[in-house]
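*Asks:* Chains as they are written, first to last, in the working numbering: chain H, 1 to 117; chain B, 1001 to 1474; chain R, 2001 to 2658.
Since the hints were made in silico from the structure, they are not lab data. By construction, the Cβ of each residue, glycine as well, lies at the ideal position given by its N, Cα and C atoms. Some hints here could point you the wrong way.
[Claimed, not checked] For the chain H half of the interface with chain B, some residues (derived, Cβ under 10 Å), not all of them: (1) 17; (2) 25; (3) 26; (4) 27; (5) 31; (6) 46; (7) 49; (8) 52; (9) 60; (10) 61; (11) 68; (12) 94.
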Amino acid sequence: MAELLHAGGSGLHAWLLVTSALFSLGIYGLLTRRNAVGILLSLELCLNAAAVQFAVFNALRAPGRVDGAVMALFVVAVAAAEVVVGMALFVLLYSQRRTVDVTELTGDGRDSAGGPP
Amino acid sequence: MPTLALPELLVLATALLVLVADLFVDDTGRKRLLPIALVGVVGALVALVALVPDSGELLGGRFAMDPLGWWFKLALLVAAAGVLCLAQPAWQGQGTVDATLPNRGEFLAILLFNLAGMLLVPSARDAVTFYLALETATMPLFLLVAWRRDAVGAEAALKYFVVGALASALLLYGLGWLYGLTGTLDLALMAARLPTTPAAYLAMGLVLGGLGFKLTLAPLHTWAPQVYTGAPLPVAAWLGTASKAAAVAALAVVLYRVAGPHAAAWTPAVALLAALTMTVGNLGAVVQTNVLRLLAFSAVSQAGYLLVGLCGATRDGAAAVTYYLVVYVVTNLGAFAAAAVVHHHTGSQELSAFRGLSRRHPLLALAMMLALFGLAGIPPLGGFTGKFLLFSVAAQAELHWLVAVAAVNSTVSLYYYLRIVRQMYIEPADAAAPQTPTAFLPGVALAVATVGGVVLGVVPWFYETVRVAAARWP
Amino acid sequence: MSYAASAIVQHAWVIPALPLLSFLAVGLLVRPFSTRWAGGVAAASVALSAALSWWLAFDYLQFASPPGPLPTLLPWQTEWLRFQEGLRIDAGTLLDPASVLLVVVVTTVSALVHLYSLAYMDGEAGYGRYFAILNLFTFSMLGLVLAPNLVQMFVCWELVGASSFFLIGFWFDRPAAVAASKKAFVVTRFADLGFLVAILLLGHAAFDVRQQLGAAAGDLQALDFAFLGRSDVLAALASQAPVLGGMTALTLGCLLLFMGGAGKSAMFPLHIWLPDAMEGPTPVSALIHAATMVVAGVYLVARALPLFAAADGALTVVLLVGTFTALFAAAIACTQDDLKRVLAFSTLSQLGYMMLALGTCDGGDPTGHSAALFHLFTHAFFKALLFLGAGAVLHAAHTGDVWHLGGLRKPMPLTHALFLLATLAIAGIWPLSGFFSKDEILAAALHGGHPLVFTVGLGVAGLTAFYMARVYLLTFWGQPRREATAHAHEAPLTMVLPMGALAVLAAVAGFVPVSRWVALPGAAVHTGIDWAVAVPTTVVALVGFAAAGWLYAGDLGRSEAAAARLGRLYRALRHKFWIDEVYLWVTRKLIFRLVAAPIAWFDRMVVDGSMHGVGVLTRLAGAGVQAAQTGQAQAYAAWALTGVALVVGLLWAAARAG
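Construct the entire structure; sequences and hints are all you get.
*Replies:* This is the structure we're talking about:
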């Protein structure tokens, strides 16, 4: 770890602190937000942390190449797609259940989820 | 003409064709879209078998064919053809539930795009392709699960989405660390440069966890039961077969291509996950009264068996996993097809819907029984041969405890598979149960799956070919 | 002349192929159109198979070059699965004295049972299905017997288990039959997992040995019986490092193999499925649960005897389990009231005898091996005859409860005579077959240095005579105790004929020099009657008969009527013969209430109950897994994170440890 963090002495340590903090915040939000949209936002934090990490590693660990940056771009695209899918589901859910509070969705018992009525 | 990617191209072309055609046809025409999609998939299957060589590269090595990848793609295309077949009655508005999957053309297109993503997974040679293929193989599933647009499906899809998105984030974060540790996105270079530091283990663990979600490894399996029940039945079958196959392919890529040199380090973890997964899956299945929940837990336990073969990253293990995967896809397809037919007849997912099936539909009951016996691993069905090979991998790796756990588990599994057999053959039939004939395409899928399950077990050619292929892999 | 000239030896695969073809033909083509033809085709194919197997036995013996031992032949084999070079699994037909013997037994009994079933099952719904599965069973059993390696044996082993499952549950409208079929399948499958693990364990251990041997191994594969029986291989296996708890792979593998064999052969405590399996049709009980399938475990141990002999203590376990089962089951048989259940426990006891005989080889003297196979041979005939006789009684009187039967001697003279013959045979009365084979087992125990086992075996012989005489007397003597019994009639000819054939075999099988043929090198070959064994066994059997006659002969109802009429005088007379009272008290109260009945209770409540308990525990654990399905999406996400943390932790731990 130590060897990695001091590699190049170019602030990699600080950058990794930023990305891991972002990622951890995202995970925390994902586990604690009750509103589905809040969960989606937290998820975006996670994905963006990863994207930043790719860019950082590209700049500091593999300079002169672009693969990490390309990956970061793709991650942004995937994140956008994820949001579209997620929002579509939330809209559907709201129209069916009049709520997007995930803690109110508890139908997974043996009897309660017996398929369509 | 890049023959190497012909199956993928055919699937994509069919998807686009269906999507565009959907705009221009009326309801009657729409009914023909499913046969068109099926023709496309079968065409891709034929192209794979007849034309595609089992090794080669495209796009500067970013897309590659390899001997086992060929088998993974075969399993995926067979699963796709089977699922399209058993979606036919719902598609044509027959039956009691799932009748007319709403917005039908898109359903097929999304399924086919999803399939294309899955087909790319075993061909990925760098992390970008790998990640994109995996996302394409996952994200459309969230939509397909909610396709019925009812409350149950929406709720199931939401849970699938939350856990799936988390898994995808973990995977991506892990890939980021791998990139940082090795300075490359090329999987082969990554393997060569991967250090043995704690950071590398963190990265590998994150990636394994992310893939474990897709393969329903315990404790990442919790989404499965509700999703299987809430999704339209063809989608549940799709999740239980193709999605699993893609996950196994992805896991094989990671464990063999990237982490193969460190097999000694990850084998204990994978062995423990395997034991945990099969045990949780089997125990969960024992108490279920809903057929789809039972099949969901059964699929969890089967994922555990598959994982056994990966222990030690040996060539024999790769052969066993690939062979069992093909058997599993065919056999599980048979079970889902039978469940789908019964579901269409009765509208019920309960075990009691199978009551007296042997008297109403003797052949259907026979097919279901053979499928269940295959999943339980009764010789001479393929399920037995495959399990035998998988367990033998564990014995070879001196994981005797794992062999014992797996063997006990396969006995427990017989117990709940027999519960369905009992309903079909032993319980008296309801007088009111309908005598609907089985539709043509699901019948074909059932017949092929049943015969396939037996042939795969009895004819030595299949395993022999897979073994020879594994010898030239990765 | 040599074996190359014998068509049937070269093409022995035809014998199992016939029932398989017939199974496919009957199941897929004939059954939907004509059930009558289904029975005919099935019976004809097995009869042909039986004729061929007699021809095979004849040629096999005829062409053997005399003074030497009979050869082991492998006339046909084909590759099935190839794990790697040296660990290839073939399908083939292994011909040696034991397998030829078993082929003859299986096809003969099967053919007779097919014939018997034509009448017995007449008019049943599912007549065609019955015959198709009976054919499948015959094929699988033959495949098991002819297996040249452990894997083919296991595959066929599971197939016989599956066919047994279908046949026990044949009357699927009877809940008891359904429960019994499931129990049989799950219990034997549980035992089979021992077999499976043993194959994997032994396979890899033997594969390592094969790699060391290099070219010396020839084309033999690691799981071939021929390879596992070689002395250099056994020595290498025995000297391997321990794998678990100080046991070598060889010892552990043998114990696990025995677990599989004990499940199929219903050794204590895995015997619980066999008595319940009597819910199946009686011909099935005769064929599968008496004559053939249940001896598969004995056959497996006999086949793998070199392995067992090389493994530390494995044969001692076999000896103990066999002896205990023989005694335990015989005691329970004395308390049962259902004709078929008595026979089932009797089967357990006789299987215990066979295992016991194999166990006596632990001193290095393989005489017990010959005795076990000899008893397997004779037992198949007289026990099948007993079951078919019981089937005829059931067919006529519609009940198997001995307290409802009685007096069937008059309406069913043929059945009575045949049943009597089989009773005498199983009790070991000269010159019937049981006498010879049982004496060989006891002689092996006595001369092999197991006097205690010999004593127990002697006691079991007495109990056997007692319980068989008991059911025989209650069934055929006295007056009918139920209306239906009084209207019984003799069985039709197609049922009596197979019984007659079996009776002939049960009578003369003792004179067939089976033990000389199957003798392993070093085994003592008996030429005459061993008086040190024959006298005590015969005396004990006669005592058993006498005890049963004292208690159950005569008219039970009439004696009570007489007692009432004579009143006080009778009672006074009775009291004078106080010996009588004591005798009754000792036998009925002491032995029944205090010994046999508690054993039966223990069997039902504890052994059977623990199996039930395992089921309950599994369900509870399953409910625990289900309880994790709270429906909370974020709880699921937390589970997923826990999983990832687990993986990371394990990787880290493994890296630190390695």
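*Asks:* Tell me if the interface restraint on residue 46 of chain H is satisfied: Cβ within less than 10 Å of some Cβ in chain B.
*Replies:* The hint holds - residue 46 of chain H has a Cβ within 10 Å of chain B, the shortest such distance being about 4 Å.
*Asks:* Closer than 10 Å between Cβ atoms is the bar; does residue 31 of chain H clear it against chain B? Give me holds or violated.
*Replies:* Constraint on residue 31 of chain H satisfied, holds at 9 Å.
*Asks:* Does the nearest C-beta of chain B fall within a distance shorter than 10 Å of the C-beta of residue 17 of chain H?
*Replies:* Nearest chain B Cβ about 14 Å off; hint violated.
*Asks:* Once the shortest beta carbon distance from residue 27 of chain H to chain B is found, is it less than 10 Å?
*Replies:* holds, 8 Å
*Asks:* Does the CB of residue 60 of chain H sit less than 10 Å away from some CB of chain B?
*Replies:* holds, 8 Å
*Asks:* Can we keep the residue 61 of chain H interface hint, with Cβ of chain B closer than 10 Å?
*Replies:* holds, 5 Å
*Asks:* For the hint on residue 68 of chain H, does the least C-beta distance to chain B fall short of 10 Å?
*Replies:* With Cβ-Cβ at 6 Å, under 10 Å, it holds.
*Asks:* Going by Cβ atoms only, is residue 52 of chain H closer than 10 Å to chain B?
*Replies:* holds, 9 Å
*Asks:* Would you check whether residue 25 of chain H satisfies its interface hint, that is, whether its CB is within less than 10 Å of any CB in chain B?
*Replies:* violated, 12 Å
*Asks:* A closest beta-carbon separation below 10 Å is what the hint needs, so does residue 49 of chain H meet it against chain B?
*Replies:* Because about 7 Å separates residue 49 of chain H from the closest Cβ in chain B, which is inside the 10 Å limit, the hint holds.
*Asks:* Do the numbers back the hint for residue 94 of chain H, that is, is its least Cβ distance to chain B under 10 Å?
*Replies:* For residue 94 of chain H, the interface hint holds, since the closest Cβ of chain B sits about 9 Å away, which is under 10 Å.
*Asks:* Any CB of chain B closer than 10 Å to the CB of residue 26 of chain H?
*Replies:* With a closest approach of 7 Å, the residue 26 of chain H hint holds.
In this structure, the hints that do not hold are numbers 1, 2, in rising order.
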